[in-house]
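Whole structure, please, built from the sequences with the hints as guidance.
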Amino acid sequence: MTKIYEKSPAFFETFERKPSQQLTTHYCPGCGHGTLNKIIADLVAELGIQDQTIYVGPVGCGVFIYYYFEGACASAAHGRASAVATGISRSNPDGIVVSYQGDGDLAAIGTSNAIHAANRGENMIVFFVNNNVYGMTGGQMAPTTLIDQKTTTSPFGRTEKNDGFPLRMAEMMAGLEAPALVARVGVNNPKNIRQAIKVIRNGLEIQRDKKGYVFIEVMSQCPTNWKKEPAEACEWIDDVVCKQYPLGTFKELPADRQPQKRPRAEVDFAAVAKLLGLTADDETGSQEMTLPQPEMRFKFAGFGGQGVLSLGLMVAQMATQRNMEVTWLPSYGPEMRGGVANSSVVIGEDPIGTPVVDVPDVLVALNRPSLDKLGPLVPKEGLIIYNSSLIDQIPADLKGKVYPLAATTLAAEAGTVKAANVVVLGFVARMTGIFELSELEDFLRETFKQPALQEVNLKAVSAGWDVAGEV
Amino acid sequence: MKKLVKGNEAVVIGALVAGCDAYYGYPITPASEIAHAASEYFLPLGKVFVQAECEVGAINMVFGSASSGLRTLTASSGPGISLKMEGISYLAGAELPCVIVDVQRVGPGLGNIGPEQSDYFQVVKGGGHGDYRNIVLAPASVEETYRMTIQAFDLADRWRTPVFILTDATLGQMMEPIDIRQEKIEKIDKPWALDANAASNQNLITSIYLDFDDMEAHIEKLHEKYRKITETEAAAEVYGDSNPQIVLTGYGITSRLLRSTVDELNSRGVRAALIRPKTLWPFPDHIYQETVNLGVPVLSVELSRGQFIEDVRLALPHHDVSWYGRVGGNLPEIETLVARAEQCLEEASND
Numbered sequence: 001m002t003k004i005y006e007k008s009p010a011f012f013e014t015f016e017r018k019p020s021q022q023l024t025t026h027y028c029p030g031c032g033h034g035t036l037n038k039i040i041a042d043l044v045a046e047l048g049i050q051d052q053t054i055y056v057g058p059v060g061c062g063v064f065i066y067y068y069f070e071g072a073c074a075s076a077a078h079g080r081a082s083a084v085a086t087g088i089s090r091s092n093p094d095g096i097v098v099s100y101q102g103d104g105d106l107a108a109i110g111t112s113n114a115i116h117a118a119n120r121g122e123n124m125i126v127f128f129v130n131n132n133v134y135g136m137t138g139g140q141m142a143p144t145t146l147i148d149q150k151t152t153t154s155p156f157g158r159t160e161k162n163d164g165f166p167l168r169m170a171e172m173m174a175g176l177e178a179p180a181l182v183a184r185v186g187v188n189n190p191k192n193i194r195q196a197i198k199v200i201r202n203g204l205e206i207q208r209d210k211k212g213y214v215f216i217e218v219m220s221q222c223p224t225n226w227k228k229e230p231a232e233a234c235e236w237i238d239d240v241v242c243k244q245y246p247l248g249t250f251k252e253l254p255a256d257r258q259p260q261k262r263p264r265a266e267v268d269f270a271a272v273a274k275l276l277g278l279t280a281d282d283e284t285g286s287q288e289m290t291l292p293q294p295e296m297r298f299k300f301a302g303f304g305g306q307g308v309l310s311l312g313l314m315v316a317q318m319a320t321q322r323n324m325e326v327t328w329l330p331s332y333g334p335e336m337r338g339g340v341a342n343s344s345v346v347i348g349e350d351p352i353g354t355p356v357v358d359v360p361d362v363l364v365a366l367n368r369p370s371l372d373k374l375g376p377l378v379p380k381e382g383l384i385i386y387n388s389s390l391i392d393q394i395p396a397d398l399k400g401k402v403y404p405l406a407a408t409t410l411a412a413e414a415g416t417v418k419a420a421n422v423v424v425l426g427f428v429a430r431m432t433g434i435f436e437l438s439e440l441e442d443f444l445r446e447t448f449k450q451p452a453l454q455e456v457n458l459k460a461v462s463a464g465w466d467v468a469g470e471v
Numbered sequence: 472m473k474k475l476v477k478g479n480e481a482v483v484i485g486a487l488v489a490g491c492d493a494y495y496g497y498p499i500t501p502a503s504e505i506a507h508a509a510s511e512y513f514l515p516l517g518k519v520f521v522q523a524e525c526e527v528g529a530i531n532m533v534f535g536s537a538s539s540g541l542r543t544l545t546a547s548s549g550p551g552i553s554l555k556m557e558g559i560s561y562l563a564g565a566e567l568p569c570v571i572v573d574v575q576r577v578g579p580g581l582g583n584i585g586p587e588q589s590d591y592f593q594v595v596k597g598g599g600h601g602d603y604r605n606i607v608l609a610p611a612s613v614e615e616t617y618r619m620t621i622q623a624f625d626l627a628d629r630w631r632t633p634v635f636i637l638t639d640a641t642l643g644q645m646m647e648p649i650d651i652r653q654e655k656i657e658k659i660d661k662p663w664a665l666d667a668n669a670a671s672n673q674n675l676i677t678s679i680y681l682d683f684d685d686m687e688a689h690i691e692k693l694h695e696k697y698r699k700i701t702e703t704e705a706a707a708e709v710y711g712d713s714n715p716q717i718v719l720t721g722y723g724i725t726s727r728l729l730r731s732t733v734d735e736l737n738s739r740g741v742r743a744a745l746i747r748p749k750t751l752w753p754f755p756d757h758i759y760q761e762t763v764n765l766g767v768p769v770l771s772v773e774l775s776r777g778q779f780i781e782d783v784r785l786a787l788p789h790h791d792v793s794w795y796g797r798v799g800g801n802l803p804e805i806e807t808l809v810a811r812a813e814q815c816l817e818e819a820s821n822d
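Residue numbers (this note's numbering), protein chains in the order written: chain A, 1 to 471; chain B, 472 to 822.
Don't read these hints as lab results, they were simulated from the structure.
Don't take each hint at face value.
Said to hold, decoys possible - Among the chain A residues that face chain B by a calculated CB cut under 10 Å, a handful are: (1) Asp51; (2) Gln52; (3) Thr53; (4) Thr86; (5) Ala108; (6) Gly110; (7) His116; (8) Arg262; (9) Thr320; (10) Leu329.
Said to hold, decoys possible - Covered stretches of chain A (chain B as the covering partner; in silico rule of three or more C-beta atoms under 8 Å from a C-beta of chain B): (11) 87-101; (12) 185-193.
Unchecked claim - For lysine-lysine, the following BS3-like pairs were computed, each having C-alpha atoms within a straight-line distance of at most 30 Å: (13) B/Lys661 x A/Lys274; (14) B/Lys661 x A/Lys261; (15) A/Lys38 x A/Lys7; (16) A/Lys198 x A/Lys38; (17) A/Lys274 x B/Lys655; (18) A/Lys210 x A/Lys161; (19) A/Lys373 x A/Lys401; (20) A/Lys459 x B/Lys474; (21) A/Lys210 x B/Lys661; (22) A/Lys228 x A/Lys198; (23) A/Lys161 x A/Lys198; (24) B/Lys661 x B/Lys596; (25) B/Lys699 x B/Lys596; (26) A/Lys198 x A/Lys251; (27) B/Lys699 x B/Lys655; (28) B/Lys596 x A/Lys18; (29) A/Lys228 x A/Lys191; (30) A/Lys198 x A/Lys210; (31) B/Lys658 x A/Lys261; (32) B/Lys658 x A/Lys274; (33) B/Lys474 x A/Lys449; (34) A/Lys150 x A/Lys228; (35) A/Lys418 x B/Lys474; (36) A/Lys380 x A/Lys399; (37) A/Lys227 x A/Lys3; (38) A/Lys210 x A/Lys38; (39) A/Lys274 x B/Lys474; (40) A/Lys251 x A/Lys261.
Just so it is clear, CB atoms sit at the ideal spot from N, CA and C, and this is done for glycine as well.
This is the structure we're talking about:
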């Protein structure tokens, strides 16, 4: 005997994932979902792609598609199937990803995710089942509900004034550059079903060949929520619904275009180390820096643009290279106000507690507001270094040892006022004894590779160093 | 090799060392450097990096990637984490491993971009709908942010559950050296994952159980897992005097301030200790109970108006636990913390 009809092998033989009634679907009689499921399953089997296909189900009447398709399945949060499918597609470059969504899911709560997946041209096929209503939750109005159509949340009929116009998703998607195929099909009569099979076969072949994003809107009847007999509902699609939602192909890229693959690489630690520029050293070196006390707390302050963040960073980087405990903290919150930017640096022999410098051992103030504000915090054994090029008057309530440094003037002499922070670096290093001049010079040579810039900075650092020698 | 990096960058380097394969995120201050570094490092290595259209999109892309068995990372700050909460509930329900970083900023609402610790309830107590838990790690330094990111991926895979790393604007923006080298990574098979092959045809990633009894069984299974996590993964560091007159406690950046406070108190002859939880869920109750003798006052400090302290009080129901904190982006000064600790001691001796 010849078998002329059988259940698609891409469906489960019995619906084992369904808690009960494992021979029938959960769809209402006359619903279009069952027909669409069958078309997809038949084509998946025909194209021999069952093992590669991963299905993403929505929240809505399609929520249980995993009962039927024998394949890897994920169920997404409401509206998020296209985002979940994006993650699956990027993670499985060899996979064929089917995102199955309804009109509340895709055209209302999840519009953004749907449009952006389309716009990125994700390798996935999206079935947008448009039946004009929220089927699963009880027939509420959807963005696709027709004008004057009565639903449980438009009991007097949808009005454009209160509810806006029915949304044509396929036409919107066709306006995007990336999608490979955008079409609207129907599953309400044999002629439309034959056409739907053709279009969906094309869509799945595009997936098989990794040729980009496919959007297929499927006009589907919902006799239950439309309160119509199934035959009547099928006719209503032709007579009324398709006037608003014409069937057809709205966009199709040439079939001979190149595949767009997004291969993923598995990399080992060596590749990571190379990218990060790490050199192999298995031992953590010993501390190579002599501090005048076990922990030194610095505050570098000035106008934004005077390089106080990078000054702190240079000190922190040099201390890091010498295996010290180090923290660098940029100014935050209220400290940013009033023209004062600053960085706090702590260098220690032991693990450091707070990275915030409330009481600095060394304060560098490159402008007047920072000296006025932070100067009084320095205790009497602390150092206050201020930029005497820009500050002509110092506050009366300073307790620390105060040193003027014409940082801006010396930097200008070296070649640019921008090097004022490097003048300070030379001065601070010699005053505190934390770095030798040669160490500073080596560091600047590593940091500034461009010869002219390097020369200016080397001049600036020795200018600061020399002034400290005269103190 | 030691490298001086921001806390936010340390997350990404930790993720790379842990073998993370995918990053999905949306820009937000003060977490954006995580997305910057992820794009800079993931793309050249052939890993997945997608800047999502929204926070909700990002967490659902994480759902897709985690479903596919990849080690997956996302990061945001308070307002973005609020948006991700529905997705996190689905991840927990579907038992998907992933790592989520919250670089806390000031709230409620738009707040500001300064440091706060006011996401404690939303991150530690669940945040999304339903009866679930997240493992929450609380680093206190850039180095620990790096280490805990590596650990987070192992924990996520070991327990098939989302793991949070809870930092803040200060930890995210400050720089400290991290010691980067190859680490031993737990390799756990994921036979449940959705792959493009026949072996995964029967696999289903979902959080829906229509049948009430099946659903109850699923929730019971989750909670049996949470019980085991509570038994095995709770951790804290105790610092300072071994026989303290006063115990200070706080997590994350606050614990760094408290470490300095304990040093200052000890130098003044006050025997002080610090308990710093490294895991906020599970909360290390036993370490509090072992460390704090009856009658010893506890000062709990946080950058929020009394969230963390609830767990300290649950751990120490018979102790006098006082609260101190600053909000709005401010950090307390050490001098103020020392004064509060001394005040607590004085009040305890008057009782």
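The hints, checked one at a time:
{"no.": "1", "hint": "Asp51", "in the structure": "holds, 4 Å"}
{"no.": "2", "hint": "Gln52", "in the structure": "holds, 4 Å"}
{"no.": "3", "hint": "Thr53", "in the structure": "holds, 8 Å"}
{"no.": "4", "hint": "Thr86", "in the structure": "holds, 5 Å"}
{"no.": "5", "hint": "Ala108", "in the structure": "violated, 14 Å"}
{"no.": "6", "hint": "Gly110", "in the structure": "holds, 9 Å"}
{"no.": "7", "hint": "His116", "in the structure": "holds, 4 Å"}
{"no.": "8", "hint": "Arg262", "in the structure": "holds, 8 Å"}
{"no.": "9", "hint": "Thr320", "in the structure": "holds, 4 Å"}
{"no.": "10", "hint": "Leu329", "in the structure": "holds, 4 Å"}
{"no.": "11", "hint": "87-101", "in the structure": "holds (count 9)"}
{"no.": "12", "hint": "185-193", "in the structure": "violated (count 0)"}
{"no.": "13", "hint": "B/Lys661 x A/Lys274", "in the structure": "holds, 29 Å"}
{"no.": "14", "hint": "B/Lys661 x A/Lys261", "in the structure": "holds, 25 Å"}
{"no.": "15", "hint": "A/Lys38 x A/Lys7", "in the structure": "holds, 9 Å"}
{"no.": "16", "hint": "A/Lys198 x A/Lys38", "in the structure": "holds, 14 Å"}
{"no.": "17", "hint": "A/Lys274 x B/Lys655", "in the structure": "holds, 19 Å"}
{"no.": "18", "hint": "A/Lys210 x A/Lys161", "in the structure": "violated, 43 Å"}
{"no.": "19", "hint": "A/Lys373 x A/Lys401", "in the structure": "holds, 16 Å"}
{"no.": "20", "hint": "A/Lys459 x B/Lys474", "in the structure": "holds, 28 Å"}
{"no.": "21", "hint": "A/Lys210 x B/Lys661", "in the structure": "holds, 26 Å"}
{"no.": "22", "hint": "A/Lys228 x A/Lys198", "in the structure": "holds, 29 Å"}
{"no.": "23", "hint": "A/Lys161 x A/Lys198", "in the structure": "violated, 39 Å"}
{"no.": "24", "hint": "B/Lys661 x B/Lys596", "in the structure": "holds, 28 Å"}
{"no.": "25", "hint": "B/Lys699 x B/Lys596", "in the structure": "holds, 18 Å"}
{"no.": "26", "hint": "A/Lys198 x A/Lys251", "in the structure": "holds, 15 Å"}
{"no.": "27", "hint": "B/Lys699 x B/Lys655", "in the structure": "holds, 23 Å"}
{"no.": "28", "hint": "B/Lys596 x A/Lys18", "in the structure": "violated, 33 Å"}
{"no.": "29", "hint": "A/Lys228 x A/Lys191", "in the structure": "holds, 21 Å"}
{"no.": "30", "hint": "A/Lys198 x A/Lys210", "in the structure": "holds, 18 Å"}
{"no.": "31", "hint": "B/Lys658 x A/Lys261", "in the structure": "holds, 28 Å"}
{"no.": "32", "hint": "B/Lys658 x A/Lys274", "in the structure": "holds, 23 Å"}
{"no.": "33", "hint": "B/Lys474 x A/Lys449", "in the structure": "holds, 20 Å"}
{"no.": "34", "hint": "A/Lys150 x A/Lys228", "in the structure": "holds, 12 Å"}
{"no.": "35", "hint": "A/Lys418 x B/Lys474", "in the structure": "holds, 26 Å"}
{"no.": "36", "hint": "A/Lys380 x A/Lys399", "in the structure": "holds, 5 Å"}
{"no.": "37", "hint": "A/Lys227 x A/Lys3", "in the structure": "violated, 37 Å"}
{"no.": "38", "hint": "A/Lys210 x A/Lys38", "in the structure": "holds, 23 Å"}
{"no.": "39", "hint": "A/Lys274 x B/Lys474", "in the structure": "holds, 14 Å"}
{"no.": "40", "hint": "A/Lys251 x A/Lys261", "in the structure": "holds, 21 Å"}
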